[in-house]
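Student: Line order of the protein sequences matches chains A and B.
1 is the number of the first residue of the first sequence in this note's numbering; add one for each residue after it.
1 is the number of the first residue of the second sequence in this note's numbering; add one for each residue after it.
Keep in mind the hints are simulated off the structure, nothing from the lab.
Be aware that one or more of the hints could be misleading.
Stated by the list, open to error - Cut-off 20 Å, straight-line C-alpha distance, at most; resulting in silico cross-link-like pairs (SDA-like, lysine to any residue):
(1) B:K144 <-> A:R245
(2) A:K262 <-> A:R207
(3) B:K144 <-> A:E234
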Amino acid sequence: MTSTLPLASFTRRHLLTCEDLTAGEIGALLDLADTAAEVNRQINKKRDALRGRTLINLFFEASTRTQSSFELAGKRLGADVMNMSVSSSSMQKGETLIDTAITLNAMRPDILVVRHYAAGAAELLAQKVDCSVINAGDGAHQHPTQALLDALTIRRAKGRIAGLKVAICGDILHSRVARSNINVLNTMGARVCVVAPSTLLPTQASRLGVEVFTDMNEGLADADIVMMLRLQRERMQGSYVPSSREYFHFFGLDQEKLARAKPDALIMHPGPMNRGVEIASTIADHSRSVIRDQVEMGVAVRMAVLEAMGRQLPNR
Amino acid sequence: MRKNGTGGRETISEAVTFINARLIDPASGRDEPGGVLVKDGLIADLGGQLRRNAPESTRVIDCKGHLLCPGLIDMQVFTGEPGQEHRETLKTASQAAAAGGVTTMVVMPDTEPVIDQVALVDYIQRRARDNALVHVHVMAAMTKGLSGEEMTEIGLLQRAGAIAFTNGKASVANTRIMRNVLLYAKDFGALIVHHTEDPHLSEGTVMNSGEVATRLGLPGVDKAAETIVLERDVRLVQLTGGRYHAAQITCADSLAVVRSAKARGLPVTCSVSINHLALNENDIGSYRTYFRLRPPLRAEDDRAAMVRALAAGEIDVIVSSHDPQDVDTKRRPFAEAADGAIGLETLLAAALRLYHNGEIALLPLLRAMTVHPARLLGLPSGRLEKGAPADVILVDLDQPWVVDKAQLRARSKNSPFDESRMQGRVLLTMVAGNLAYEYSGAGRG
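Bound conformation, chain B alone (with noise of 0.2 Å):
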């Protein structure tokens, strides 16, 4: 599989010196006082032997014991670029990415037009070179227009750079196209991002089946209808041997699912949003809907499943699922209003507020969002090693604070999060040696 480039970003020559830290590298277990010298856009060197004394002729950093660990890689952005830029350009996202801690990030292809052709692929990366702050990819479409009927060049896709292949916020209704898509796919090694949602169980539903749904008078969703697909698609990663992943999972029943494909040695990952880990279905309390999303939030002892399998290792990936919806979209009865809800600049915070309730240990929590989706998407950086590239985040993990959607860099305020209250921020944000993202202290975060 070809690695794609960074987003094409210069290196600058400046080297650096981090000092005075708490190294934490989630792929090693590394948790140490140390130090990270860069160089050339690379980790040139870390340990304690440099927690004190940085080298000559580099400029120091002070981390007065903060926590340095691997920028986090979020494997499902959504954006408006190219078709909706009045929603979120990869300029605005990767400034919110920067903010957040994520040093990169997978564009999905629902755009206008759909990321399904070699040269739209081009475009997303010559784009991201020039606007964006942090690293891009390309995560592919793999059927034609989204449409799930024919497969996309997805040999010629993977040399232009898309890093994985997905159908977007649709499943594949068909199963023999899903069958030869798995195949066709195993062949490159490519890896197929599936959103697993049954098309016909899911039409007309807004949020999760259930009391909460039946008490609001809202058509609901059973959580069958992501399992059904799940189970189905499992067969076929048996059958063919093609990698997969599953965008998002919610319950516990999918859970299962995944469990048991892992244990008979399948290929089979997967990935939660995390707003299924922080938010349940009470949430959308009087009909908000920042909080409709698709697959939905779910009850209450899903979210408490979701992170004890997060915690446990059976969940592989954190996702911010960052998907900015206006308020042309948003602002409407529940029921009419579009799913989703942005997240790349509270996904941390939000990840953190778990780690801080102690329902899961730092490292597990941040190797899902670091060397996990770095391993599956063929990544060098998610690690704090030498010769990793000097993608890295400083963060105060105690520092409170409250989320105000107004602050967000995000062209679209969606934040499920607005007005929630934080502990532990993002201090610095360095890509490819390059700094990203600087807090200021007062005011605007």
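Just chain A, same shape as in the assembly (with noise of 0.2 Å):
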């Protein structure tokens, strides 16, 4: 990668939320992602801004994609990945987290990737240690780096994100992705909607700056970008909504609902999907679903957040 961007914008020692990132920023970012892809797609992708560095992955919940995508970026720059997930770690023996992120200091790395079920669980360990934190998914918080490699797929695809109207479906009471990607798409000024049935909305959701549906017909109509959650197993067992089929039959994105969108209108889900739940199959693998090159910028845009942190760190 080339460092000739205007990475004077993007200062942060810790990426832990969307919420105060600026257009700046985030167009920094986009950019320098932007870069790191062109990279990606050729046969030496090896790059060493972050050569001698250590980044730790450390997930207290399951994650294929988000982990993977993590380890790649930072060994594509050139660091030393080490994965610590939970089922190894000291907090099955009932140790805090507070603890654990105590002891991994003293391990000295320089950038720590954490994934945790507890809001805010993020925050608190960026509080404890002296690297630099990554905050690869916080309860239903934020997912900083999904919500980013989100507004590239989308600005790759469409030239822009400014004054798009982008429909985000599903559960949002539970989503992260929702949270995140509200905040970047509003500060890049896209026109956000959020869709889901009443008992999968969090209250005041509008608040958030978008527009509540609870029909996705209504929800859909012009959408340039349709955006579906996944909706967990543990979810659609009665207490949020009755059953899969039903939560299909009025919430899932089949041929008939797509219809209320743009005829050019993306199809994007941050999986994993649940086909036939939030997504019929052949939306899935819909000429117009940019799935598979969200995993793709998803390398992307970690590069690009790792690089613009690991200028942020110490030289000493």
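Reassemble the complex: the two chains are provided individually, in unrelated frames, and hints are given to aid placement.
Tutor: Spelled out as structure tokens, the structure:
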């Protein structure tokens, strides 16, 4: 990667939330990620921006794509990457999150990528360690790199973000992806709608700066982007929605509902998908589906974030 | 909200003119001499011009000055179909309904199996279409198996024809589930009908608590068991905005809760059963199990409060709460007997007692059994107006008769009105333009 990008605008030590990212910061990260995407399509993907640095992936929740995406991004930038997952960690033996943080801190990592099931966990860690912390998902709060990779995917496909209508559909209540995307897309000037049954909408959702719908046909009208969210299995059995069958009938993305969106609307999903629950199989594999592009851009965005943060690391 | 079909009866082609009637339409307040022309299952015309002159080539029915009004809509009918057909089937219940002037009955999901799936709603509708004399609508379960734990497919059930949703004879104890059901149902505009009774307070009780229970040595339930759940539900309605109907209120305290909810503009309505309007706990006498009901019969002051509230329009609907129980469940010691009483066939006659006693005027009384439930359920019936379904009944307001349970059409005979003297009876019941019942005069009525 070249180092000629306007990164002066991203000078944070941690990336914990999208709530306070500026359009300038997001734009700079996406520009850098565009470059990383080009690097990733070359045969030699290895760069040395993080040579000598140590990256720890600390995952308290199972994750395939986010963890491997961060691992690849770190390795392509030359960092030493270590994966710690909950099954092998001391947390299983009763250690508190803060004790784990203090232990890890003593090993002098440079960047800690953390996913935790509790909202606010990344921020708590950031207060206790000396290294940079990247939030890779904390409860139903934030998942900043997901929102950035979604923004990158949209920008590359549509050439812009501002002015687009984005419909985020599904389990908004429990979704950190939704919250992060609402922040980033609003900051970048998109018009954001959320669509869900009332039981899966957070209270006062409209205060996040979105239009709220409980009917897919209304919410998807003239959308440029249809972003589907995963419905977790334990939410399908009667406490939030009655069944996956009913959920698919009223909120699953199928050809009929997609027809309400613009003819060139993009279909997105952060994965992993439940085919036949929130998205019909034919739609997941649709020519306008950019779900695989999202995965590719995930590596690029994480390289951009790691590189940008690497520049903030102390050099002593 | 999707309107359900009508139980599927085919309409007859023969046009009928009712002449010389006293037309009463509780919806508009109409009360005047006139006639009604019925064509293709609908009310084609009505008014004073038809009082003496029927159009040619129609069958003429001379009402002889008797009252012609919309057929009754009964929002709470338990049958035994499927699962307990020895107690009642859709067919026998509909025969009782027709004889009682009920042209639409809403059947409850408390069957075996519980009506909590699309295929079962479909089953009831097909059985009703093939066997029932009156319109039958399904009130589906709002939680799976009525267990109060997981909500049912409210959206798909509604599309299949379920007209409202209920937890049957049990309250949902889990407040979070109740909240989520109300919230979810709101997206579909679905009406939630809830029996309000705290399960812990009422466990093991068999009647109203008070002097009578004390003298009889029976475990009584406090009225608060009803009011506590109702108050909770009203808070949840306020939180969620869901449409809520209290399945039965029986005491002045509950009335105050409903009154205050309505005053705040909340979408809250309520029913009272005919039993709680016409009877009180003293009727239990010496352990008469036909008077064992749930919610239980209350003291006279609460009964009187219910009647006054009905007259004032504060109670929206009267239901029969028809609940057939056989000798196997009723001929037992009071504390071991089942709850419930039949009521379809005696609903109107028992209600007219209140009218004859001067406790309530005719129009508000009829409203609670016609246009009010019709509006709540989104039905086009319950009105005497052009274009409405020809669901009409002809009633002799004054004819005296004595209830004989052996003569009642319900398959089970657990009527609390057995041997009661009534004044007023249904002479004719028309459902969608078809004659569903005609009083034959002497003998079996």
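Student: For each hint, tell me whether it holds in the structure or not.
Tutor: For each hint, the structure was consulted:
no., hint, verdict
1, B:K144 <-> A:R245, "holds, 15 Å"
2, A:K262 <-> A:R207, "violated, 26 Å"
3, B:K144 <-> A:E234, "holds, 16 Å"
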